[in-house]
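Enquirer: One letter stands for each residue in the lines below.
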Amino acid sequence: MSEIIIVNNLDGGYEVYVGGKRRVFVHAVDNVSLILRSNEVLGIAGESGCGKSTLAKMIYGAIIPPLVVRSGSIKLQTRKGNFVELNKLSIEEMRKKIWWTEISYIPQNSMNILNPLKRIKDQFINVFKYHDMNIDKEEVMKYIKDTLISLSLPLEVINAYPHQLSGGMRQRVVIALSLLFNPRIVIADEPTTAVDVVTQRIILSLIKEWREKNKSSLILISHDMSVHAYMDNRVAIMYAGNIVEIGEIFELFKEPLHPYTRALIESLIRKGDKTLRKGLPGLPPDLTNPPPGCRFHPRCPYAMDICRREVPPATTLGRDRYVKCWLYTGRG
Amino acid sequence: MAMNNKLVIDNVTKMYGYGLLGLKKFKALDSVSMDIDLGEPKIVVIAGETGSGKTTLLRIIMGVVKPEYGKVLYKGYNIHKLRGSAVKWYRREVQPLFQDPYETFNPLRRIDSYFYDTVYNILEIKSRDEVERRIDEALKFVGLSLDRVAGKYPHEFSGGELQRISIARALLTHPKILLADEPVSMLDATLRASILNLLKDLKEKLNMVVIYVTHDLATAYYIGDYISILYRGTLVEYGPITKVYQEPKHPYTNALLESILEPDPTLREKYSVIRPSAIEIKEFLLPGCRYANRCPYAKDICWYKLPPFIEVNGTYVRCWKYLDYKEK
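Residue numbers (our numbering), protein chains in the order written: chain A, 1 to 332; chain B, 1 to 328.
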């Protein structure tokens with residue numbers, strides 16, 4: 001299990017100019033360090049607006065203003081074994097060397113990103129064109145057919161327009177597109193938010209099967225802890241731009257440490273359960289002006305004085321497990 | 001009147017057009033029948049996947065979509081034939097709650113104006129004090145107050161608060177039925193529980209009937225008393241929720257219940273494999289059971305004849321599995 005992506009103290013957000021003068025800075029990713037190993041599924045969980053999609057965009061290298069990286073680095077180990085710093089590459093270099101072949105991205109709301117005026121086969125051909133590839137037309141068609149079969153889509157899909165397919169099928173087509181060049185790393189941003197439970201299960205199983213066959217790595221972003229429970233090897237919990245806890249999936253569900261992780265798992269409604277549940281009161285903070293100290297303290301039931309003043313350090317508890325909370329600084 | 005204290009959905013069929021000009025028709029809802037007794041407060045869940053017709057059914061109950069065949073009777077009145085003041089009466093009795101709290105409200109309109117409009121136009125109360133009292137009462141029930149809401153615009157509230165405000169607005173008319181269309185699907189998991197608890201309060205404290213449309217079967221069980229499951233426009237199963245969850249009759253219900261992911265990583269190896277659906281429109285156009293394509297028990301008759309709605313141990317189910325069709 002070698003490390004293929006190393007994110008070091010990444011810090012950034014959205015810079016907005018209002019009226020050309022006053023600057024608003026949305027601090028969406030605050031000092032995040034992460035490691036992705038080969039052949040593993042790393043989950044990123046958190047509420048909406050906690051910066052998980054921004055982190056994904058940064059790792060993917062789609063750093064286009066207003067998104068800016070202020071400090072830190074993202075290193076990718078190439079197939080040859082040397083490291084490239086992704087945030088130093090230009091968009092043109094990313095397109096040629098990295099996107100689709102090394103890192104692929106399944107965007108949020110993926111059922112709505114297909115061009116409505118193009119048949120599914122043309123959407124595939126476009127991808128080949130984008131990568132300056134000249135392949136024989138018949139060969140391409142055969143390739144597309146194989147990909148569709150592997151995602152158990154009927155072959156009629158090839159000549160269909162996007163609106164003729166159901167949401168779940170469009171999503172499978174988008175997934176087929178992203179996996180076209182067998183990338184080593186796939187970033188899936190909420191791949192199943194807008195679909196029902198049955199489609200969700202089908203899509204997740206497909207991604208899972210494909211990943212196990214190709215031994216690729218997956219970064220899975222979702223607010224749904226059940227999805228993480230089904231898919232992940234490790235999971236990172238994000239709150240307001242910070243990773244507050246990270247750990248191996250079984251350990252994290254067995255013993256959630258951070259009060260936020262606990263609330264996230266406890267607020268879930270399970271099948272066949274009618275006992276009264278309480279949601280987590282309050283709201284995630286405004287990232288243009290985050291609260292001082294631990295960003296979770298206004299909603300935390302255990303908030304102490306120190307939480308309001310100082311940012312908690314990462315307390316390491318065993319391999320692959322750390323938590324950022326003052327409650328645990330005495331331990332370990 | 002006691003006899004008629006019911007919401008009866010009687011053989012409702014709704015056709016939609018498809019194809020280039022929309023001239024070809026398919027049945028978005030096919031002979032859906034359901035009785036809801038308004039005497040006892042309860043939460044009725046309508047569950048199904050995207051494109052199963054659940055929102056269409058809700059709109060038909062709301063009276064904004066007219067079915068091609070069949071009728072909806074509320075306390076004995078056909079709601080699609082109401083005229084004049086009877087329309088207003090029905091609007092008072094049945095109120096909607098929508099899916100996306102951010103899109104429910106016009107961003108350029110103050111939140112409180114919706115409340116004043118509802119009271120003036122639908123309740124026709126003119127006294128300012130009485131109007132404010134009614135609004136405050138409704139907002140207090142959802143944990144807000146008129147002082148907190150007055151003069152503010154939608155962007156000043158969070159999604160959870162906006163959904164509470166939508167519920168309060170619906171409560172202004174003291175309705176008998178609340179039609180909730182996926183009210184929590186746009187909210188974060190941490191906020192969902194509180195909105196669902198509020199829907200439970202409507203049933204317990206205000207004796208209302210809540211019709212809760214969702215695709216999320218975990219939250220459905222959390223608040224529901226009865227459940228009806230739709231698949232491609234047909235009602236496949238209807239019954240008390242505990243019964244349906246313990247022993248699902250229809251193969252589709254079974255698949256739905258099995259596909260719920262549990263927030264517990266130790267269970268991940270136990271999930272079974274599900275067959276993905278074929279092209280949607282083809283399933284809608286099947287003359288028989290719409291699930292035949294994916295059903296592991298499909299027999300010949302399933303393909304060409306829609307099974308009747310039959311009672312099996314207290315739940316209603318539309319499936320040939322429970323009928324010896326040679327007798328028919």
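Be careful, since some hints might not be right.
As the list claims (entries may be wrong) - Heads up, simulated SDA-like pairs for lysine to any residue below, C-alpha to C-alpha not over 25 Å straight-line:
id: 1; chain 1: A; residue 1: LYS274; chain 2: B; residue 2: ARG91
id: 2; chain 1: A; residue 1: LYS57; chain 2: A; residue 2: LYS96
id: 3; chain 1: A; residue 1: LYS274; chain 2: B; residue 2: LYS42
id: 4; chain 1: B; residue 1: LYS25; chain 2: A; residue 2: ILE185
id: 5; chain 1: A; residue 1: LYS145; chain 2: B; residue 2: ARG294
id: 6; chain 1: A; residue 1: LYS97; chain 2: A; residue 2: TYR143
id: 7; chain 1: A; residue 1: LYS278; chain 2: B; residue 2: ASN197
id: 8; chain 1: B; residue 1: LYS27; chain 2: A; residue 2: SER150
id: 9; chain 1: B; residue 1: LYS152; chain 2: B; residue 2: ARG110
id: 10; chain 1: A; residue 1: LYS21; chain 2: A; residue 2: ILE6
id: 11; chain 1: B; residue 1: LYS71; chain 2: B; residue 2: ASP100
id: 12; chain 1: B; residue 1: LYS270; chain 2: A; residue 2: LYS88
id: 13; chain 1: B; residue 1: LYS203; chain 2: A; residue 2: ARG270
id: 14; chain 1: A; residue 1: LYS274; chain 2: B; residue 2: LYS321
id: 15; chain 1: A; residue 1: LYS121; chain 2: B; residue 2: ILE281
id: 16; chain 1: B; residue 1: LYS25; chain 2: B; residue 2: ILE301
id: 17; chain 1: A; residue 1: LYS254; chain 2: B; residue 2: LYS25
id: 18; chain 1: A; residue 1: LYS271; chain 2: B; residue 2: ILE122
id: 19; chain 1: A; residue 1: LYS274; chain 2: B; residue 2: GLU182
id: 20; chain 1: A; residue 1: LYS274; chain 2: B; residue 2: ILE281
id: 21; chain 1: B; residue 1: LYS299; chain 2: B; residue 2: GLU258
id: 22; chain 1: B; residue 1: LYS282; chain 2: A; residue 2: SER150
id: 23; chain 1: B; residue 1: LYS205; chain 2: B; residue 2: GLU247
Unchecked claim - Computed footprint of chain B on chain A, listed as stretches where at least three residues anywhere in the stretch have a Cβ under 8 Å from a Cβ of chain B:
id: 24; stretch: 80-90
id: 25; stretch: 99-108
Just so you know, these hints were derived from the structure itself, not from any lab.
Since the model is a prediction, treat every value here as computed from it, not as a measurement.
The beta carbon of each residue, even a glycine, is placed where N, CA and C say it ideally should be.
Enquirer: Does each hint hold? Answer for all of them.
Expert: Verification of the hints:
1. LYS274(A) <-> ARG91(B): violated, 32 Å
2. LYS57(A) <-> LYS96(A): Measuring from Cα to Cα gives roughly 18 Å; hence the hint holds.
3. LYS274(A) <-> LYS42(B): holds, 15 Å
4. LYS25(B) <-> ILE185(A): violated, 44 Å
5. LYS145(A) <-> ARG294(B): This hinted pair holds, its Cα atoms lying about 22 Å apart.
6. LYS97(A) <-> TYR143(A): Holds, at about 21 Å.
7. LYS278(A) <-> ASN197(B): Cα-Cα ~8 Å, so holds.
8. LYS27(B) <-> SER150(A): violated, 32 Å
9. LYS152(B) <-> ARG110(B): The hint holds at about 5 Å.
10. LYS21(A) <-> ILE6(A): violated, 36 Å
11. LYS71(B) <-> ASP100(B): Roughly 29 Å separates the two Cα atoms, so the pair is violated.
12. LYS270(B) <-> LYS88(A): violated, 44 Å
13. LYS203(B) <-> ARG270(A): holds, 21 Å
14. LYS274(A) <-> LYS321(B): With a Cα-Cα distance of about 31 Å, the restraint between LYS274(A) and LYS321(B) is violated, given a limit of 25 Å.
15. LYS121(A) <-> ILE281(B): It holds: about 20 Å lies between the C-alpha atoms, which stays within 25 Å.
16. LYS25(B) <-> ILE301(B): Holds: LYS25(B) and ILE301(B) sit about 24 Å apart, inside 25 Å.
17. LYS254(A) <-> LYS25(B): Not OK: LYS254(A) and LYS25(B) at ~52 Å, beyond 25 Å, violated.
18. LYS271(A) <-> ILE122(B): The hint is violated at about 40 Å.
19. LYS274(A) <-> GLU182(B): holds, 19 Å
20. LYS274(A) <-> ILE281(B): violated, 36 Å
21. LYS299(B) <-> GLU258(B): holds, 22 Å
22. LYS282(B) <-> SER150(A): Holds, at about 22 Å.
23. LYS205(B) <-> GLU247(B): violated, 31 Å
24. 80-90: With 0 residues closer than 8 Å to chain B, the stretch 80-90 of chain A misses the three-residue bar; violated.
25. 99-108: violated (count 0)
The structure is inconsistent with the numbered hints 1, 4, 8, 10, 11, 12, 14, 17, 18, 20, 23, 24 and 25, although it conforms to all the rest.
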